[in-house]
Amino acid sequence: MIEAKNIYLTYDDNKYIIKKGNFSIKPKEFIFIGGNSGSGKSTLLKSFYGDIPLKHGSLKIENQEVFGIKGKKLRLLRKDIGIIFQDYKLVNEFTIEENIMIPLKINGYSHEVSRDQANKLLAHVRLTHRAGYYPNELSGGEQQRVAVARALAHNPKIIIADEPTGNLDDYSAEVVWNLLKGANEQLGITVVVVTHRVPKNLGIKFRQLSIEDGIIYEVS
Amino acid sequence: MKFLKNIFAFLIPLLSMLIAFSIFLLINNVVDNYKTQISRDYSIVIVSNTPIEKDTFSELAGIKVERIQALPNEKIIANIKTNLSNNSIELLKQKLPNFYQIYLEIFPTSSELEEIKQTLLQNKNIKKVEVFYKNHNQIYLLLLLLNSVSFILFFIITIFAIIIIAKQIKLWFHEHNIKISILRLHGASILYSASSILNYALLSSFLAFLITTCFLYYVSNNMDVLFPLELHDIVDIEINLPFELMKIFLLSFSISIFTIFGVLLKYKIKND
Numbered sequence: 001m002i003e004a005k006n007i008y009l010t011y012d013d014n015k016y017i018i019k020k021g022n023f024s025i026k027p028k029e030f031i032f033i034g035g036n037s038g039s040g041k042s043t044l045l046k047s048f049y050g051d052i053p054l055k056h057g058s059l060k061i062e063n064q065e066v067f068g069i070k071g072k073k074l075r076l077l078r079k080d081i082g083i084i085f086q087d088y089k090l091v092n093e094f095t096i097e098e099n100i101m102i103p104l105k106i107n108g109y110s111h112e113v114s115r116d117q118a119n120k121l122l123a124h125v126r127l128t129h130r131a132g133y134y135p136n137e138l139s140g141g142e143q144q145r146v147a148v149a150r151a152l153a154h155n156p157k158i159i160i161a162d163e164p165t166g167n168l169d170d171y172s173a174e175v176v177w178n179l180l181k182g183a184n185e186q187l188g189i190t191v192v193v194v195t196h197r198v199p200k201n202l203g204i205k206f207r208q209l210s211i212e213d214g215i216i217y218e219v220s
Numbered sequence: 001m002k003f004l005k006n007i008f009a010f011l012i013p014l015l016s017m018l019i020a021f022s023i024f025l026l027i028n029n030v031v032d033n034y035k036t037q038i039s040r041d042y043s044i045v046i047v048s049n050t051p052i053e054k055d056t057f058s059e060l061a062g063i064k065v066e067r068i069q070a071l072p073n074e075k076i077i078a079n080i081k082t083n084l085s086n087n088s089i090e091l092l093k094q095k096l097p098n099f100y101q102i103y104l105e106i107f108p109t110s111s112e113l114e115e116i117k118q119t120l121l122q123n124k125n126i127k128k129v130e131v132f133y134k135n136h137n138q139i140y141l142l143l144l145l146l147n148s149v150s151f152i153l154f155f156i157i158t159i160f161a162i163i164i165i166a167k168q169i170k171l172w173f174h175e176h177n178i179k180i181s182i183l184r185l186h187g188a189s190i191l192y193s194a195s196s197i198l199n200y201a202l203l204s205s206f207l208a209f210l211i212t213t214c215f216l217y218y219v220s221n222n223m224d225v226l227f228p229l230e231l232h233d234i235v236d237i238e239i240n241l242p243f244e245l246m247k248i249f250l251l252s253f254s255i256s257i258f259t260i261f262g263v264l265l266k267y268k269i270k271n272d
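Residue numbers (the UniProt record's numbering), protein chains in the order written: chain A, 1 to 220; chain B, 1 to 272.
Everything labelled a hint here was simulated from the structure, so no lab data went into it.
We put the beta carbon where it would ideally sit given N, CA and C, even for glycine.
Among the hints, erroneous ones may be present.
[Said to hold, decoys possible] Simulated restraints on C-beta separations: (1) 72(A) <-> 257(B): 21 to 31 Å; (2) 92(A) <-> 156(B): 37 to 47 Å; (3) 204(A) <-> 167(B): 23 to 33 Å; (4) 206(B) <-> 6(A): 50 to 60 Å; (5) 68(A) <-> 163(B): 30 to 40 Å.
Using the sequences plus the hints, can you model the full thing?
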C-alpha cells in the first residue's frame, strides 16, 4: 500500500517538482506513472525509497511514514522494496550471480541460501548460462533482466521501476515487461513503473497516473 | 595489480609509522633500562623534627616519591653510646630528630636534585637535606634527547601517515562510490556497503604489523644494527618483544580503524 497526502518535492526550495501530490496505490496493483521528460516522474519514484526527502505532506509505504525517514527505518523500508533503474545499476565488480545475491545478503540470508535463490532467479530470467559473467560482458537487455531478478530476489512487497525499458530494444523490452507482469500476477507484488511509453497489449489490468506541471493526475 | 596498488597505498604510510614507533620503543627501552641501572646511584637524606609519611611528604615538596625509608636512630646512638651515660642516651633518644632516605619515582638529573633539595629546605619541619649522587648526566641527557627526538619523529610521521591513510580511504570511497550507493539503495548499512574498504584496510594493517614484527624481531636479535656495540657495556639493551609487539598491534589496528570510521562518518554526514 502506498498513500500520498499533499506531498511536495523539491531539490532547491525555489521550485517544487511535485506539488500537492495526492494518490493511493493498493496492494497488488500495477501502476504506470507517465509524463513528459523533466516532469518529476523519477523524482516521485525516488521519494518512495527515501532518496529524496519530502518537503511537506505525508507518504506512507506499507504503513511506514517516509517523511523525515532516515537511519535504520530507512534501511528497513528499502529492504521491502525492489528497485529497477533505467541504467540497471549493477555492481561491476560482482558477477551476475553475486549481483542478484545483494538484497538477499543484506536481508541476512546465508551465502548458500542466497546463491540457491539467485540461481532460481537466473533460470527464471533465462540467464543461467551467464551466472559467472560480469555486467559489462552482457547486453543491455540481459543486464536489465539481471536487475529484474535482483529486484525480485528478496520477495519484496513493492517493485519500483524507473524507465526499465528506456535503453532496450523492442524484444528485450517485451521480455522485461513480461517479467514484471509475472511478478505482479503470480507473486502478487505491487509494481510501480515510471515510463513515458506504456506498452501496448500488456495483457494485464493496470492504472495510470500522469504528472504535469508538478501536479499528479489520474489518467485511467 | 590494482588490488596490490590499493594495499600498498595504505600499507606504506602505516608501515613507516609503525617502524618509527618501533624505533621509539627501542630507544625508550634503552632509556628505561639505563634509568633502572643508575636509579640507586643517588641518595636524598632529610632530617626532620616531626615524623613524615609518604603522602604528606609529597604534599609538602610536590615531588613524586616512590617510597620513604626511615633511618633508625639506634644506629646513630650505638656509634656514640660508649661515651654516654644511660640517662644521656635516653635524653638523646628523645631529642634526636627523624632521619629519612627518600626514593623518587623518576631518576632525577643533578639540577633536579638540587631543585628538590631547595624545595625541601623551604619546609619549616625539615632541618637539613643532604643529596649525594654520581654524575650520569651526560649519558642520561643524551639518551633523553635521543628519546625525545625519536618521539617527535614518530609523532610527525604519524600525522603524515594519518593524512595519507585518510586520503587513500577517501580515494577508495570514490572508487567504490557506485557500489556503495547501490548497496545502500538496497537497504545496506554504511558499514556493510563499505565492507570491501574495511577488508583492504584490515589486511593492510595486518601486513604492516607482520612486517614490523619481522623488523623488530631482527633488530632485537641484532641490536648492533641500531646501537653501537660499546653501548652494551654501559647499558642493558634488551626488550620485552611480546609486550612491545602488542603495543604495535594495537597502534596498527587502532589507527586504521579510527581513520576508517572518521571517513565513514564524514561520508554518512555528507550523504544522509
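task: Against the earlier hints, flag every one the structure doesn't satisfy and list their numbers going up.
output: 3
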